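The listed protein sequences correspond, in order, to chains U and A. Going letter by letter, the first sequence gives residues 1 to 220 in my numbering. Going letter by letter, the second sequence gives residues 1 to 130 in my numbering.
The hints are simulated quantities; they were obtained by calculation from the structure and are not laboratory data. Small disclaimer: the values here were computed from a predicted structure and weren't measured. Glycine included, every Cβ here is placed at the ideal spot set by N, Cα and C. It is possible that some hints are incorrect.
Stated by the list, open to error - With beta-carbon atoms standing in for the labels, derived distance ranges:
id, chain 1, residue 1, chain 2, residue 2, range
1, U, Glu130, A, Asp62, 44 to 52 Å
2, U, Leu21, A, Met120, 52 to 60 Å
3, A, Arg5, U, Lys56, 26 to 34 Å
4, A, Ala51, U, Tyr24, 52 to 60 Å
5, A, Gln20, U, Leu131, 23 to 31 Å
6, U, His38, A, Leu125, 42 to 50 Å
7, A, Gly40, U, Glu59, 54 to 62 Å
8, A, Gly45, U, Arg109, 22 to 30 Å
9, U, Glu146, A, Arg5, 38 to 46 Å
10, U, His138, A, Gly45, 42 to 50 Å
11, A, Ala28, U, Lys169, 54 to 62 Å
12, U, Glu59, A, Leu125, 26 to 34 Å
Here is how the chains run, residue by residue.
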Amino acid sequence: MYIIIIGGGRLGYNLAKSLILESYEVLVIEKDVEVVEHINAEMGSIAIAGDGCEGKILESAGARRADIFIALTGEDEDNLVACQIAKHYFKIPRTIARLLDERNERLFRKLGIDVTINSTGIILEYIKHELPSPPVMHLLNLREAEYEIVDITIPSAASTIGMAFKDLKLPEGAILALILRSGKKPLVPGDSTMVEALDQVIAVISPENETLLRQALTEK
Amino acid sequence: MGCSRVGARLAEMLAREGHQVAILDINASSFRRLPQDFTGTALLGSGLDEASLNKAGIKTADVFIAATQGDNRNIMASQIARHIFSVEKVVCRIYDPLRRDLYGELGLETISSTTIVAQMIKDGLEQQES
């Protein structure tokens, strides 16, 4: 699997490092020559200097045989255009863009970027999750299917505790994929699985039914 | 979008012809390029920002032109105009010939001054030769 990363900042650097550990073939394209030298000194020749939106650079990077393209620069417009070039010109099957301004999410989605990662939004989600009565936490957006994977924790005071998951009136299209209980193995809810306090429910749902799902899981 | 030399000149020409023109730039100092008697509206703001675009009246615009110095900025703004606000005619200035060709295929009306000027110089030279 060949992965091209645009942007060798903190995010690109750490991602490259962990992908290499997992034995992926990785190439980082970064504008700043000093950053490129730093990465190459540490990880071997995996970085080249250049603009990740430039056709020639991508061509010389072997973009035509890349499987995944990840744009992680600090500018939304650069990430968008890099991904579009990767997708439409070099036919890379999967494109992932970092998003700085969440208001651009709709546009990126409309323009066919497979996955957008809103780093600020993710951090906010995690912080919110640590607060009392956590709302729904978004784990992953499944773009093409227009579904998302969410994590909902059952509050200790939920009126559904003791009921079977299968008896809950879930909104249309909702799938309860997994239940995480502290100290136990993850389990797929079966006919006899009961709701317990602090169960972490991993579910698939369309964004518009998210609130309904939370209500169904926590209120009788 | 973009009160660059090209943007300012174009805004001036269109306003003189009696069109209603709004020009956006993220630097107030760029507006110095507009003539004293400019009849259009100069607005401080980014063409990538929907609020600024709304202020510039994009919802009723017939034409959107992206003429900043940045190819990617122009491309993104043009796609916002086209796909979010459904502006009928969108013209996008792109320096890089590869990106010009690609976005031409993806439905943007693109102009690459690099290619056009190079071609004009070449034509000029060939005319002199013959």
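A quick look at each hint next to the structure:
no., hint, in the structure
1, U:Glu130 / A:Asp62: 44 to 52 Å, "holds (50 Å)"
2, U:Leu21 / A:Met120: 52 to 60 Å, "holds (53 Å)"
3, A:Arg5 / U:Lys56: 26 to 34 Å, "holds (27 Å)"
4, A:Ala51 / U:Tyr24: 52 to 60 Å, "violated (40 Å)"
5, A:Gln20 / U:Leu131: 23 to 31 Å, "violated (49 Å)"
6, U:His38 / A:Leu125: 42 to 50 Å, "holds (46 Å)"
7, A:Gly40 / U:Glu59: 54 to 62 Å, "violated (42 Å)"
8, A:Gly45 / U:Arg109: 22 to 30 Å, "holds (24 Å)"
9, U:Glu146 / A:Arg5: 38 to 46 Å, "holds (44 Å)"
10, U:His138 / A:Gly45: 42 to 50 Å, "violated (30 Å)"
11, A:Ala28 / U:Lys169: 54 to 62 Å, "holds (57 Å)"
12, U:Glu59 / A:Leu125: 26 to 34 Å, "holds (30 Å)"
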